[in-house]
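Participant: So the protein lines, in turn, are chains S and Z. For the first sequence, the positions run 1 to 169 when the numbering used here is used. For the second sequence, the positions run 1 to 100 when the numbering used here is used.
If you are wondering where the hints come from, they were derived from the structure by calculation, not from laboratory data. Bear in mind the structure is a predicted one, so any value in this text is a computation, not a measurement. Note that beta-carbon positions come from the ideal geometry of N, C-alpha and C, so glycine has one too. Hints should not be assumed to be uniformly reliable.
Stated by the list, open to error - A few chain S residues facing chain Z, derived, Cβ under 10 Å: (1) I36; (2) D37; (3) L98.
To be verified - Examples of chain Z residues toward chain S, derived with CB under 7 Å: (4) T5; (5) V19; (6) G21; (7) N27; (8) I31; (9) I38; (10) V42; (11) A56; (12) A70; (13) A74; (14) L77; (15) G78; (16) F84; (17) N91.
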Amino acid sequence: MGEAIAFYIIAGFILIFAVLVVTAKEAVHSVVFLVIDFLFVAALYASLGAEFLAIIQILVYAGGIVVLYLFVVMLVNLKRPPEAYADPHRRTTLGFALSAAMLLEIGVIASYGYVKPAPALAAVAAPVTGNTEEVGWLLYTSYLIPFEIASMLLLVAMIGAIVLAKREL
Amino acid sequence: MITPTHYMLLSAALFTIGVVGVMVRRNIIIIFMSIELILNAVNINLVAFSNQLQNAVGQVFAIFIIAVAAAEAAVGLGIILAFFRNKETVNIDEMNLMRW
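Bound-form chain S, shown alone (with noise of 0.2 Å):
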């Protein structure tokens, strides 16, 4: 019982928070609302016993990225409301409807597609307990090259950033 109250109101404050996201007119405000719901989503990952997903979450995207979206915000000082001009071909109302579609068919799926508990994978019986330890050992373990392939990538994010923030491009 606590269990579920404890999810519908994260939940709706995640939901609430990401609609703030999306219709803020302010940039600086939508980049609030974001670090909020970020937070939100944090403790529902917590709720759900992943401990240390719920701290990168709060150090890597509250943090981190969302610093690096104010830095933009500032940095990008408008002289003119950035929404002011509207492509006369742009069919915005033809997006929510596809969104909608999109919604409905993602939630059929969601709700009758999970017909029976998927079988206990036969888990490869980490030699650790806590979720910290079990992260980390799959991390060092089957998902090594992942992990060494994802490090590659944020060196080449950080050297494209670099190069393309530069004065003269």
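With chain S's structure known, arrange chain Z on it following the hints.
Facilitator: Same frame as chain S, but now just chain Z:
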């Protein structure tokens, strides 16, 4: 009782809000934030099933998604800055340099 279906519906709703943001807004910075919302919706699914199956692999994949999101944010915001320096705009309706 909270079943994985609840988490999937929450994730679907968050995903759709992100898609609406991408389709409807014209400020490219807000479009990028909507993409972050979409990636978060996927992560919620992964963590919910990781909890359901008592298997930490879902969380490992969520970590990879966070790494990709960080890379995407860095490069994307670099592109926005470079574009803004040339054209003084963040409105995607005015970003049609490469349109045929």
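Participant: Just pull the numbers of the violated hints for me, sorted ascending.
Facilitator: Hints 1, 8, 9 and 10 not satisfied by this model.
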